[in-house]
Every structure is written in C-alpha cells, then in structure tokens.
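Novice: Sequence lines, in order, name chains G and S. 0 is the number of the first residue of the first sequence in numbering that gives the first Met the number 0; add one for each residue after it. 0 is the number of the first residue of the second sequence in numbering that gives the first Met the number 0; add one for each residue after it.
Warning: the hint list may mix true and false statements.
[Said to hold, decoys possible] Here chain G is said to cover these stretches of chain S; the calculated rule only asks that three of the stretch's residues, wherever they fall, bring their Cβ under 8 angstroms from a Cβ of chain G:
no.: 1; segment: 9 to 15
no.: 2; segment: 29 to 41
[Said to hold, decoys possible] Non-contacting residues of chain S with respect to chain G, defined by C-beta distances greater than 12 angstroms in every case (computed):
no.: 3; residue: 6
no.: 4; residue: 48
no.: 5; residue: 64
no.: 6; residue: 88
no.: 7; residue: 148
Everything labelled a hint here was simulated from the structure, so no lab data went into it. We treat Cβ as the ideally placed atom computed from N, Cα and C, and that holds for glycine.
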Amino acid sequence: MASEAAAHKAAEAAEAAGGFSIDPMHQFVIHRIIPVKIGGLDLSFTNSSLWMVIIVALAALFLLAGGRRVVPTRWQSLKEMTYEFIAGTMRDILGDSGRAFFPFVFTLFIFILLANMLGMVPYSFTVTSHIIVTFALALVVFVLATIVGFIKHGAGYLKLFVPSGVPAYMLVLLVPIEIISYFTRPMSLSVRLFANMMAGHTMLKVFGAFVVGLGIIGGWAPLAMMVALSGLEVLVAFLQAYVFAVLTVIYLNDAINMHH
Amino acid sequence: MPQLDFSTYLSQIFWLAITFGALYLIVARMALPAIGGAIEHRRSRIADDLDAAERFKRDAEKALADYESSLAESRARAQKLVQEQKEKVTAELEAARARTEAELSAKIAEAEARVRASKEEALKELGGAIGGLTGEIVTRLTGEEPSPERLKKAVEKVLG
C-alpha cells in the first residue's frame, strides 16, 4: 500500500508543478480510512470497505423500502422486476430444485450490480475492479457448487469429469481437460468481472485526462467519446453482474442436476 | 497496479465477508420473503377477484334468465286475460243484442196486432156506413128499401 501511494503522490506532485501526467490507475488505489490491526493482521477500514458498506446500505434501502402493496408503487415494481428477473433466470436454468440458492444468487447479483454501477459515479471506488474481491466471490461460488455436488451425488459427482458417449481411449485425454476446465472456473469467473471493470474505468480515466489535456479547443472529441463509453460502461456493468449470476446458476445446475 | 498490492488483500477479503454476509442476511431473511410475499399475495388476490367476477357473471346471467322467463310468463298471462275478457264482452254483447231483438220483435208483433185490430174495426164501421149509404141509394133509385140481410151480404161481397 505504501509504495503505491508514494508513486501516486509523485504523480500528483508532477501535475501540481505544471507538468501533465496521466495516472489512470490512481482510481484503484486503496487507502486506509480507519487503521485496524488485530494480532498483526491488517484489517483496516479502507475506501474499498467504505464502498462495500455503501453498497449494502443502498441495497438494503432499495430492497426494504417501497412498501408491499397489491397495486405496486414504481419502487416496488422495480424490486419485483429484479426479483422476477433473477427468479426467472434461475428457473430457466436450474428448474425448481435450486430454490434454496435463490437468496445467494440474488445477493451476488445485487452486490455486483451495485458495485459496478456505483463505480460509474465520479470519484467513487469500484469494489469489483479488484481481482481479490472478484476472486473471493468466485471462490465462494466454486466451493459452494463443489460441496453441493458431493452432498447431492457423493463420489458420483466425479462422473462430471467423464463425458458420456466417448470411447475409452479418448477419456485419457478428455478427463484431464474436464478437470482443468472445472478448476479454472473461479479464475475465468473472477478475471472476467475484474478485467471488464478495470479496463472500462481505466479507459474512461484516460479519455478524461485527454479532455483536460486538450482543453477547451480540442477536448470535445474525447469528451464525445467519453459520453459514448459511459453508456457502454453502464451496459457492461449490468451485463457483468448478470453474467456472474448466470454462471453461478449454471455451476450450481451442474452440481445439482449433473447433466453435462 | 494497485490490484496486485497484496498488503490490501486481507482487509478487502475481511470487509467483503462482513458486508456480503450482512447483505445476504438482509436479502434472505427480510427482503426476499417480503417481495415474494407481496407477489404471491397479489397473485392470489387476482385469482380470487377473477373467481368472484366469474361468480357475479353467472349470477347476472341467471338473473337475466329469471327475468326473461317471468316476463314471458306475464306476457302469456296478460294474453290469456285479454282473451278471456274479450270472450266475456263478446258473449255479453251477444246476449244484449238477442234480448233487444226479442223485445223489439215483441213490440213489432204487438204493434202489428193493434194495427190489424184497428183495421178490422175500421172496416166494420166502414161496412155499416157503406150498408146505410147503399140502402139509401138503392131506395132512391128503386123506391124499394132492400132487406138488411141482402145489404149486408152485398157489402161483405164487395169488401171481401
């Protein structure tokens, strides 16, 4: 944390001194707000933690306010649309056997969606632009699916690695491939989200710096580009949250129903 | 690249676990039951309302059928009443007409009888007068007074 911060201080100093510098990674820097150290472990409350708390607060506000009337208010309609959207997606992929995981998938979707969307607010921090956060979430999904698979099918869950209707000599090749593809799931899941978020925000930052750098005369072109990119980023923010949730449901479906 | 600063990892995981766990509890314990309950409540309410509407519709149809049948019944009864009344009036009329006709014919008969009697009486008186006159005329012509029997016979012969 310290060395990074020092580097960014230097960049800021260069800027203040009249030089022009683009530091698109500055927005991802984590700094402590309330230092917490327990038994030598650094559990400090950082800007990332702050935005996680904001996500939960906004999600709770969105989900708990708005009433529960027979004729819904707009707010309530939005809540119910979100509910039906996730419930419908799960029903399509998993059938009714996955009802128990609905709260988990719903929480994942809401958390990632809000993290991505709040990241679009200027001067905010994008929680999901950090690989450790997305990887932790993906790992939870992976471990959950694996445990569910073994509880549901016992050792029979290992058949997931043996494609049916394939000649025996091909299995020598296919089983390792299946195993590798299974264990790369948390990687692909987490890197997809993290990379999308980081790339989008970095790009916005670069174009933003161009706007400032080119000034009132030439800055219009990158500004127009930024408007378009912002629209695209909102789409990506939603899409990545949806993809994460859908892949979670697909992995759970593999674990519960095992048709590969 | 701040993402590869391992010193921040523990803090991020720690706070992610806390916040994600808190959100999971809020979602699972409070939000989803409330939203799902509202949706379910609406669905059953709509189904109930549709049922009620169906019931009301059946009631209305039944009422209409009842109304129509009672209307037809009343119409038939009215028709019957009219028919009966018509027959009654016709019969009364017929009776009155018959009575009047009988009375009239009786009066006519009486009148005819009276006319006939007066005629006979007049003829009889005329016969007497004619007999007297004839006797005088015959006496004047012949100088001989005819017998009353012959006079009477001659008068009766002329008058018939």
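Novice: Does each hint fit the structure? Answer for all of them.
Specialist: Consistency of the hints with the structure:
For the segment 9 to 15 of chain S, the stated coverage by chain G is satisfied: 7 residues place a CB nearer than 8 angstroms to a CB of that chain, which reaches the threshold of 3. For a cut-off of 8 angstroms, the count of residues in the segment 29 to 41 of chain S with a CB near a CB of chain G stands at 11, and the three-residue condition holds. At the 12 angstroms boundary, the C-beta of residue 6(S) falls inside the reach of chain G, the nearest C-beta of that chain being 5 angstroms off. The claim that residue 48(S) is not at the interface with chain G is violated, since a C-beta of that chain comes within 12 angstroms of its own (minimum 10 angstroms).
Remark: the non-interface label on residue 64(S) is consistent with the geometry, its nearest Cβ contact in chain G lying 34 angstroms away (cut-off 12 angstroms). Listed as outside the interface, residue 88(S) is consistent with that label: its C-beta sits roughly 67 angstroms from the nearest C-beta of chain G, beyond the 12 angstroms cut-off. Once the 12 angstroms rule is applied to beta carbons, residue 148(S) is consistent with being away from chain G; the minimum gap is 134 angstroms.
In summary, the numbered hints that this structure violates are 3, 4.
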